[in-house]
Amino acid sequence: MEDALSWGGILVRIAAQLLPVWIALIVTFALSMQFRRRLGLYGRIFDSPVGMIGFGLVMFWVFTAIFADWIITHDPLAQLSGMKNILPGSPLKAPAEGAYPWYLLGGDHLARDVFSRMVMGAREVLKIAPAATVVAFMVGITLGLPAGYLGGKLDTTISFLSNLVLAFPVILLFYLLVTPEIRVTGIPTVLAAILFIFPVVFLTILFNSRFFTTPAKRNLYVGIVLVIGLWAYSGLAFNADPLGVWSMDPNMLNVFVSVVFVNSPGVFRIVRGMVMDIKTRDYVAAGQTRGEGPWYIMLWEILPNARGPLIVDFCLRIGYTTILLGTLGFFGLGVTPESPDWGSTINYGRRLLAIAPHPAVVPAFALMSLVLGLNLLADGLREESMKD
Amino acid sequence: MLLFVLRRIGVMILTAFALTFIVFYMTNLPPNLEKLAKSEASVRMDDAAVASWLERNGHSGPVLGRYAQWLGVAPGWTLTAEDGTVTGRCITRGTDPATAPRFCGILQGNWGYSTVFKATVADVLARSLGATGWLMVWVMIVMVPSSLLLGVLSGMREGSRTDRVLSTFAITTTATPEYVSGVILIALLASATAGISPILADWGWISGKTLFPGTATAAMDDITFWNFFLPVMTIALYGIGYIARMTRASMTEVMTQQYIRTARLKGVAFRQVVMRHALRNALIAPFTVIMLQFPWLLNGVVIVETLFNYKGFGWTLVQAAGNNDIDTLLACSVVAVFVVLVTQLISDIGYVFLNPRIRLA
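Chains C and L, in that order, are what the protein sequence lines are.
Just so it is clear: in the first sequence, position 20 is 20 by my numbering, and no numbers are missing.
Offset between the second sequence (1-based) and my numbering: plus 1000.
Any given hint might turn out to be false.
Label pairs and their computed distance ranges (CB to CB) [what the hints assert, rightly or not]: (1) L/1081 to C/181: 27 to 35 Å; (2) L/1349 to C/154: 23 to 31 Å; (3) C/286 to L/1133: 33 to 41 Å; (4) L/1122 to C/151: 40 to 48 Å; (5) L/1206 to C/110: 31 to 39 Å; (6) L/1030 to C/332: 19 to 27 Å; (7) C/309 to L/1162: 21 to 29 Å; (8) L/1073 to C/151: 49 to 57 Å; (9) C/109 to L/1133: 56 to 64 Å; (10) C/286 to L/1264: 35 to 43 Å; (11) C/184 to L/1100: 29 to 37 Å; (12) L/1264 to C/212: 28 to 36 Å; (13) C/273 to L/1264: 41 to 49 Å; (14) C/109 to L/1002: 54 to 62 Å.
Here are the simulated lysine to any residue pairs, SDA-like style, with alpha carbons at most 25 Å apart [what the hints assert, rightly or not]: (15) L/1038 to C/185; (16) C/153 to L/1013; (17) C/93 to L/1193; (18) C/387 to C/46; (19) L/1311 to L/1126; (20) C/387 to C/280; (21) C/387 to L/1126.
Just so you know, these hints were derived from the structure itself, not from any lab.
Backbone N, C-alpha and C define an ideal beta-carbon position, used for all residues, glycine too.
Working from the sequences, and respecting the hints, build out all of it.
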């Protein structure tokens, strides 16, 4: 049996365990610094120290999620005897042959390795948060562009509906939407059917409005979008993919849909506000005079000019989605008990805070650093994009 | 102005109806009712027994009709059993059915009966809102002055070292949701094995095992600095960063205005410029933000009350939602929606009053 590690020893061993992440980070930073003048807005992140720190933190967690299988020291679900609530750096009581001899960040209430669960938790969070934010953006943009540009009854209706969702206390909405009983009624599937069609609609309109003058190209692009989009749609929303490539666990679908549902009205409001501002510009009037169609103007004249604030909001919103996912886990909604996601780990850990704080504090710091990274990145991007 | 307010109130009422109906519909979905029947009567009921239980307790019939009864615009249901006893929504057990009122919804002040707390919802709500009210008062007392001070200090000289330090602090707190900051604060200040409590206990500076208690249950009866500090700080921290950043943004914008430069060039001292000329204009935007922060606080309240086991509004909401206590949940959502909509209205009207440049037709 090995000796217990000191804090220094723990840090050194964690750093060694994270070796693939360090290598990937160094490569990313070196390449990006080298070519930053040719990389547009992305390259300009590296001009601002704040943006660089934020980007570093975000990429740290992204690479941790990618290389999680190599980083973990134990199976995140395995319960080893005698390791319950054990302190960080404790050696295994009865190490099996070839097993990693320590629990680097201690054990939780079920004697599982806190470090490995934290690393796997990064994967859980980063699997849902960015994807949910992308879908929320597609929904918000597809509804916000016509609402802001055309106005009238359409605008009034959609704005009323979005204010309705925004006036809902988020936690109440989660308690109503994310329960096993709700899944029986099929409401998540209906919501998924409505929300997941938006990316397909968005891309179809996007390519159609651009290329409808050259039918050959249009048919190719729109065809590809429709085939892949509807294929994924059938699998994700209805779990009816004939080839079985796209599918989503009903639990996860429930969580995903509710998070998108909560986020879309916010995006809608931002897009609508920006469109109302930009549509008064001269270049929009010029486009109208040229006889461009309304969808072309919205998607290819207005949207590219609104990209700066949208990218910043995208970063902030991924952070917000991460917080929402943590909230869901904290209340034990929509996750299985053994799931290593940060929110539910904090939830289980908080009950024993007085005697063993580490099972809750480790994922708490992980979640905080990821959201902080995203906020700093957004700040850096905002500063850099305002320099034009 | 009057027309604007009236129209806003009209939309507000419409929103309130729509939202309460959604909550009513969601809580009255068949699987939820089945769960309610099984938890109230017997777990081992078959489908027919469940259906007849729901029938007897007024949970059957069209949703809109039941919503109207709950609201108090339709007469409450009555049912005559085979032995001649009459039961109904408005008939309290043991009283004469003939004397019972026809309508009894929330419009008549009847909020229903809580199946979890075994008390009328009005009582439950009054008690929990009182508890949460104190929490909110202290959060506001801590949050508003400190966030405005932080924002003004960092915004008055953009790019200075003070600004950098304070902005970093503000960003960090906005990146820390309540369940994270709460856990960290407890581990740091209220844990017998970690943080500073063991050290202080070693030195003999504190008599107990921990500096602060890890729960705020004691604060239900008697609020002291010691049992209320952690929950208040946990909620306030998240808001401080956000409001401070908004104040900073508005302050930096004001500081670049022509009249500030004119005042500086006239020779007015920097202190005077900030206090007299900049501050009042810079505080218009944060006012809106603070008002719109109320719905956010509601979220924080739910998390913090669960974390610290403080039996206020948020704790009640979680208990009601977890046990499908329909009447309590509906009452909670009415309160929550009311808070959100009223603060939106106040922020809109207040904005017009504070900013003379905005005119409403």
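Task: Proposed proximity, residue 280 of chain C with residue 387 of chain C (alpha carbon, max 25 Å) - done: Status holds; Cα separation ~23 Å.
- [ ] Starting from the range 40 to 48 Å, see whether the pair residue 1122 of chain L and residue 151 of chain C falls in it by beta-carbon distance.
- [x] Roughly 44 Å apart at Cβ, these two residues keep to the hinted range, so it holds.
Task: Restraint status (C-alpha distance of residue 387 of chain C to residue 1126 of chain L at most 25 Å) - done: 53 Å, violated
Open item on the list: Checking one constraint from the list: CA of residue 93 of chain C to CA of residue 1193 of chain L, max 25 Å. Satisfied?
Closed with: Status holds; Cα separation ~22 Å.
- [ ] Can you let me know if the beta-carbon spacing of residue 273 of chain C and residue 1264 of chain L is within 41 to 49 Å?
- [x] 34 Å, violated
Task: residue 110 of chain C and residue 1206 of chain L - C-beta distance against the hinted 31 to 39 Å - done: 32 Å, holds
Open item on the list: Against the 25 Å threshold, does the CA-CA distance of residue 153 of chain C and residue 1013 of chain L hold or violate the hint?
Closed with: 20 Å, holds
Task: residue 1030 of chain L paired with residue 332 of chain C, Cβ distance criterion 19 to 27 Å - done: 23 Å, holds
Task: residue 1081 of chain L paired with residue 181 of chain C, Cβ distance criterion 27 to 35 Å - done: About 30 Å separates the Cβ atoms of residue 1081 of chain L and residue 181 of chain C, which means 27 to 35 Å holds.
TODO: Starting from the hint 35 to 43 Å, judge whether the C-beta atoms of residue 286 of chain C and residue 1264 of chain L obey it.
DONE: With a Cβ separation near 42 Å, residue 286 of chain C and residue 1264 of chain L satisfy 35 to 43 Å, so the hint holds.
Task: Distance restraint hint 23 to 31 Å, applied to the beta-carbon atoms of residue 1349 of chain L and residue 154 of chain C - done: 28 Å, holds
TODO: Look at the Cβ atoms of residue 109 of chain C and residue 1002 of chain L and judge whether their distance stays inside 54 to 62 Å.
DONE: 60 Å, holds
The structure fails to meet hints 3, 8, 9, 12, 13 and 21 from the earlier list, while all remaining hints are met.
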